[in-house]
Amino acid sequence: MRKFRSNWSQGDRERYQERSDSYRERAGTSYLSRERWTHQEVVTSPLPKPVATSSLMASSVDFKTYVDQACRAAEEFVNIYYETMDKRRRALTRLYLDKATLIWNGNVVSGLDALNNFFDALPSSEFQVNMLDCQPVHEQATQSQTTVLVVTSGTVKFDGNKQHYFNQNFLLTAQSTPNNTVWKIASDCFRFQDWAST
Amino acid sequence: MCSTLRKCGTYRTEGRHDHGRTKGGSPFQDNFDKRNPRYEHGGHEFLPSERQENDGSVEMGDVHKDRQLRHTPYNIERSRKLVKWHSEDQIYTTTWRNRKLPERKMMEDTRDGKTRAWFKVTIPYGGKYDKAWLMNSIQSHCSVPFTPLDFHYFQNRAHFFVQGAGTASALKDVNYTICDDQNRKICIFVNQSTAPYSVKNKLKPSQMQLLKLTMDKRYDVSKQALDLQSLRFDPDLTGHDIDIILNRRNCMAATLKVIESNFPELLSLNLCNNKLYQLDGLSDITEKAPKVKILNLSRNELKSVWELGKVKGLKLEELWLEGNPLCSTFSDESAYVSAIQNCFPKLLRLDGRELAPAMNVDTDSSELMKPCKESCNGSETLKHTVLQFLQQYYSIYDSGDRRGLLGAYHEEACFSMTIPFNPEDSAPKSLSQYFEDSRNIKTLKDPYLREELLKHTKRDIVDFLSTLPKTQHDLSSILVDMWYQTKWMLCFSVNGVFKEVEGQSQGSVLAFTRTFIVTPGSSSSLCIVNDELFVRDASPQETQSTFSIPVSTPSSSSELSLSQERQEMVQAFSAQSGMKLEWSQKCLQDNEWNYTRAGQIFTVLQVRSGNQVGKRRLSLGRQEGQEDGVRVAWGWNSGHLALLTSQLLLFFTSSRPRARSQRRPSSRSPERSPSTSSLSSLTSSLFPLFTSRRPCPGAALEAWPIRKPKLTGRLQCHNHPKSHLPCVFAPLMIPVYFHNKE
Numbered sequence: 001m002r003k004f005r006s007n008w009s010q011g012d013r014e015r016y017q018e019r020s021d022s023y024r025e026r027a028g029t030s031y032l033s034r035e036r037w038t039h040q041e042v043v044t045s046p047l048p049k050p051v052a053t054s055s056l057m058a059s060s061v062d063f064k065t066y067v068d069q070a071c072r073a074a075e076e077f078v079n080i081y082y083e084t085m086d087k088r089r090r091a092l093t094r095l096y097l098d099k100a101t102l103i104w105n106g107n108v109v110s111g112l113d114a115l116n117n118f119f120d121a122l123p124s125s126e127f128q129v130n131m132l133d134c135q136p137v138h139e140q141a142t143q144s145q146t147t148v149l150v151v152t153s154g155t156v157k158f159d160g161n162k163q164h165y166f167n168q169n170f171l172l173t174a175q176s177t178p179n180n181t182v183w184k185i186a187s188d189c190f191r192f193q194d195w196a197s198t
Numbered sequence: 001m002c003s004t005l006r007k008c009g010t011y012r013t014e015g016r017h018d019h020g021r022t023k024g025g026s027p028f029q030d031n032f033d034k035r036n037p038r039y040e041h042g043g044h045e046f047l048p049s050e051r052q053e054n055d056g057s058v059e060m061g062d063v064h065k066d067r068q069l070r071h072t073p074y075n076i077e078r079s080r081k082l083v084k085w086h087s088e089d090q091i092y093t094t095t096w097r098n099r100k101l102p103e104r105k106m107m108e109d110t111r112d113g114k115t116r117a118w119f120k121v122t123i124p125y126g127g128k129y130d131k132a133w134l135m136n137s138i139q140s141h142c143s144v145p146f147t148p149l150d151f152h153y154f155q156n157r158a159h160f161f162v163q164g165a166g167t168a169s170a171l172k173d174v175n176y177t178i179c180d181d182q183n184r185k186i187c188i189f190v191n192q193s194t195a196p197y198s199v200k201n202k203l204k205p206s207q208m209q210l211l212k213l214t215m216d217k218r219y220d221v222s223k224q225a226l227d228l229q230s231l232r233f234d235p236d237l238t239g240h241d242i243d244i245i246l247n248r249r250n251c252m253a254a255t256l257k258v259i260e261s262n263f264p265e266l267l268s269l270n271l272c273n274n275k276l277y278q279l280d281g282l283s284d285i286t287e288k289a290p291k292v293k294i295l296n297l298s299r300n301e302l303k304s305v306w307e308l309g310k311v312k313g314l315k316l317e318e319l320w321l322e323g324n325p326l327c328s329t330f331s332d333e334s335a336y337v338s339a340i341q342n343c344f345p346k347l348l349r350l351d352g353r354e355l356a357p358a359m360n361v362d363t364d365s366s367e368l369m370k371p372c373k374e375s376c377n378g379s380e381t382l383k384h385t386v387l388q389f390l391q392q393y394y395s396i397y398d399s400g401d402r403r404g405l406l407g408a409y410h411e412e413a414c415f416s417m418t419i420p421f422n423p424e425d426s427a428p429k430s431l432s433q434y435f436e437d438s439r440n441i442k443t444l445k446d447p448y449l450r451e452e453l454l455k456h457t458k459r460d461i462v463d464f465l466s467t468l469p470k471t472q473h474d475l476s477s478i479l480v481d482m483w484y485q486t487k488w489m490l491c492f493s494v495n496g497v498f499k500e501v502e503g504q505s506q507g508s509v510l511a512f513t514r515t516f517i518v519t520p521g522s523s524s525s526l527c528i529v530n531d532e533l534f535v536r537d538a539s540p541q542e543t544q545s546t547f548s549i550p551v552s553t554p555s556s557s558s559e560l561s562l563s564q565e566r567q568e569m570v571q572a573f574s575a576q577s578g579m580k581l582e583w584s585q586k587c588l589q590d591n592e593w594n595y596t597r598a599g600q601i602f603t604v605l606q607v608r609s610g611n612q613v614g615k616r617r618l619s620l621g622r623q624e625g626q627e628d629g630v631r632v633a634w635g636w637n638s639g640h641l642a643l644l645t646s647q648l649l650l651f652f653t654s655s656r657p658r659a660r661s662q663r664r665p666s667s668r669s670p671e672r673s674p675s676t677s678s679l680s681s682l683t684s685s686l687f688p689l690f691t692s693r694r695p696c697p698g699a700a701l702e703a704w705p706i707r708k709p710k711l712t713g714r715l716q717c718h719n720h721p722k723s724h725l726p727c728v729f730a731p732l733m734i735p736v737y738f739h740n741k742e
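Chains as they are written, first to last, in full-length UniProt numbering: chain U, 1 to 198; chain L, 1 to 742.
It is worth saying that the hints were derived from the structure and are not from the lab. Hints may be right or wrong, so weigh each one.
Said to hold, decoys possible - Below, computed lysine-lysine pairings styled on DSS-like, alpha-carbon distance capped at 25 Å:
| hint | chain 1 | residue 1 | chain 2 | residue 2 |
| --- | --- | --- | --- | --- |
| 1 | U | K99 | L | K383 |
| 2 | L | K185 | L | K172 |
| 3 | L | K217 | L | K275 |
| 4 | U | K162 | L | K445 |
| 5 | U | K184 | L | K200 |
| 6 | L | K442 | U | K157 |
| 7 | U | K157 | L | K275 |
| 8 | L | K128 | L | K172 |
| 9 | L | K312 | L | K223 |
| 10 | L | K275 | L | K257 |
| 11 | L | K185 | U | K162 |
| 12 | U | K184 | L | K442 |
| 13 | L | K200 | U | K87 |
| 14 | L | K128 | L | K185 |
| 15 | L | K487 | U | K99 |
| 16 | L | K204 | L | K172 |
| 17 | U | K162 | U | K99 |
| 18 | L | K200 | L | K257 |
| 19 | U | K184 | L | K487 |
| 20 | U | K162 | L | K128 |
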């Protein structure tokens, strides 16, 4: 069931080229725009509207769109999140939804207030993300709210503690406005890989 | 030659003679004579002393000159040997590497009355570590216990001395074994050295006695205070010509020794006006007099707060520092106070002034929250549902066929997998099979590949999962975090370990974190819409702690649970039937531990099974594992051979994928269509054969509709005259007892 490039019709290939070009372009612009951000939000370009066609090709193209978009959002988001966590800790909760929950090594922290307190109490951190993976979440689960599952892994060193390997999962939801899309964390699960030994 | 030798010999003695005779000689001679005894060890060879013998002082001069001249060639010759120069206070040695150092040292040491060499241990960047932590780490990592002497810092390096070559080599081994906070390894260098200052210049016992007396006089018992102000100029000490300069290591060490032995409960120590430049020597006070609460270091020569850090171990309440150069280095009062408070957080009074209690960096708050074993987020029923789902999922996953998972996934589910390595690095052997399909967005930039590696429909997913190596998950040790829950979906992560049970890296234990997003499916089951798998090498701890309990499939019963009586039954049945213990046990269990009934069933089945088996076996024609038919050397006909070989083949090929479990999980329904006649025919034909020690490969139920008979050595008994066992059941011994299970 793999779709090889050669199998695609010319039209599709062109569209794909476009998209991949625009991906690269957008990557450049978003970096610049990131510096101008004052709100520490993850903002991407407006979501492309899924084209309602009946062909199988079209649906797979749509899926590809979702995947692309999910990947882009995940990448940018992860960069911003960990940088904020390390350097601008107090701004971190702006990346969470109001009712977001954090499961931190099994400890449940829910609600913006609790999150604020938690992040204040957490010692300063130095994150190093080595692995990142993302998947678009099926709309059946999210009732058509665009959601991306992001999974990261790497090492972290909290002040006064030794270095740990960690795994973290996020659910990012998109809140679309006409001009842009704002991604926020709906839920967050963080765990040290050596949770058993501590 | 012998003449030269003789000359040497005479010369040596002559040398000694000289020593005796020429007392009033030139200074050169004196020195020279002093050196004489040192050269017994193949040192310099002197000129023949005939001239000396014969003549008087005139010749002396010549000889000296000659000696001088002749010194150099001998030096060159002896360049490979140890050259020792002896002077009163110091011993210089030139040693070569790769030589046993202690042996060389032995020479002088024995002379000096010491038996063990001294070594200086250097820790570069030792200054940034807490002294107590550092020494403790080294002590714990070192195989030989040692006492560090004269610990001091020099330009951010930490040094201390130890005695004894064994200790030194043990310490050398500690190099690069200790990890600090930043996971960097600590270097430790060990070099030979002269004795440390405090040992070399150790106070003589008489001096120690005097010091003790002096200190006694200065001790205030009521306040437990020791006043060592201007100790050097104490009239008692100066009267006896003893110079106790506390800045010097030996004196400080002696003082601390006296404190330790006489005043261990010391509370207040006054070291005012002692010209202390460093506090390296005083740092031992944390061990010797740990209860000191009041310390007066005023009017000394301390230049920085870093010096104070050396006595950080003391829990000081009152500190006096005025009159030290360090006080003027601070821009203002508060900076000074806070710097001191950093060092001694519980300090109450500084230089006589009360301090506001410091904003204690509460260590508790800087500790991280302890990881919980479980994230208790969710109702019990939900947990139960999830656990059940996982058990079901993994039981299918661990079985040979993962196609059963098709039912668990949504039509358009997504799956991706990652391992924690970059494609540029070479993957470790254990993760090699996951390497190709690892999807790491951070390193993978090609949008096409990104999409490729994300498996989209359920068929794709299950197809892919079937290509992954066969695994065995340890469900008893998994940790589930349920982190998001709405009416329409549930998100949870599973952390655990699994073992690979086949393939290249068989037996390796890997750790995984799997994130599922599920929606409620039909009939209270869960339907996976997203599945992300992260696989990594398991740490040694994880490997040990899990899989320690032998994994038993739910329907199996371990032998451990058998009572004594039953165990005996099993043994007896096994002996009589000739089956292996496990099969005997199974047979007995199936028959509710009714021995006779079990036996009857056994024989009946044995009889019933027969020829059909043999026929079917022949039609197999599998070629693998021909070597398994090795036992076939008994002069049978080819039919027997074929039967035997095929049977063995089937056994081996079918039993390998199984994790040696004798039982099938109850979820599987093994086919049970016995063709008993075939079995019996096989049995009868194979009677004479067989020394099979393996159980009947009843496990190959899918492959074969027929139970294979288990043929045991005891079958021989029937036809062989030298049967050595009571074989009542002998002719009928086919353990096809699972027929009974229908």
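Hint check:
1. U:K99 x L:K383: holds, 22 Å
2. L:K185 x L:K172: holds, 14 Å
3. L:K217 x L:K275: holds, 21 Å
4. U:K162 x L:K445: violated, 32 Å
5. U:K184 x L:K200: violated, 70 Å
6. L:K442 x U:K157: holds, 20 Å
7. U:K157 x L:K275: violated, 43 Å
8. L:K128 x L:K172: Cα-Cα ~21 Å, so holds.
9. L:K312 x L:K223: Distance ~23 Å between L:K312 and L:K223 Cα, so the pair holds.
10. L:K275 x L:K257: holds, 20 Å
11. L:K185 x U:K162: holds, 13 Å
12. U:K184 x L:K442: holds, 20 Å
13. L:K200 x U:K87: violated, 53 Å
14. L:K128 x L:K185: OK: L:K128 and L:K185 at ~13 Å, within 25 Å.
15. L:K487 x U:K99: Cα-Cα ~15 Å, so holds.
16. L:K204 x L:K172: violated, 33 Å
17. U:K162 x U:K99: violated, 32 Å
18. L:K200 x L:K257: Holds. L:K200 to L:K257 sits at ~16 Å (cutoff 25 Å).
19. U:K184 x L:K487: It holds: about 20 Å lies between the C-alpha atoms, which stays within 25 Å.
20. U:K162 x L:K128: OK: U:K162 and L:K128 at ~16 Å, within 25 Å.
Hint compliance for this structure: hints 4, 5, 7, 13, 16 and 17 are not met, and every other hint is.
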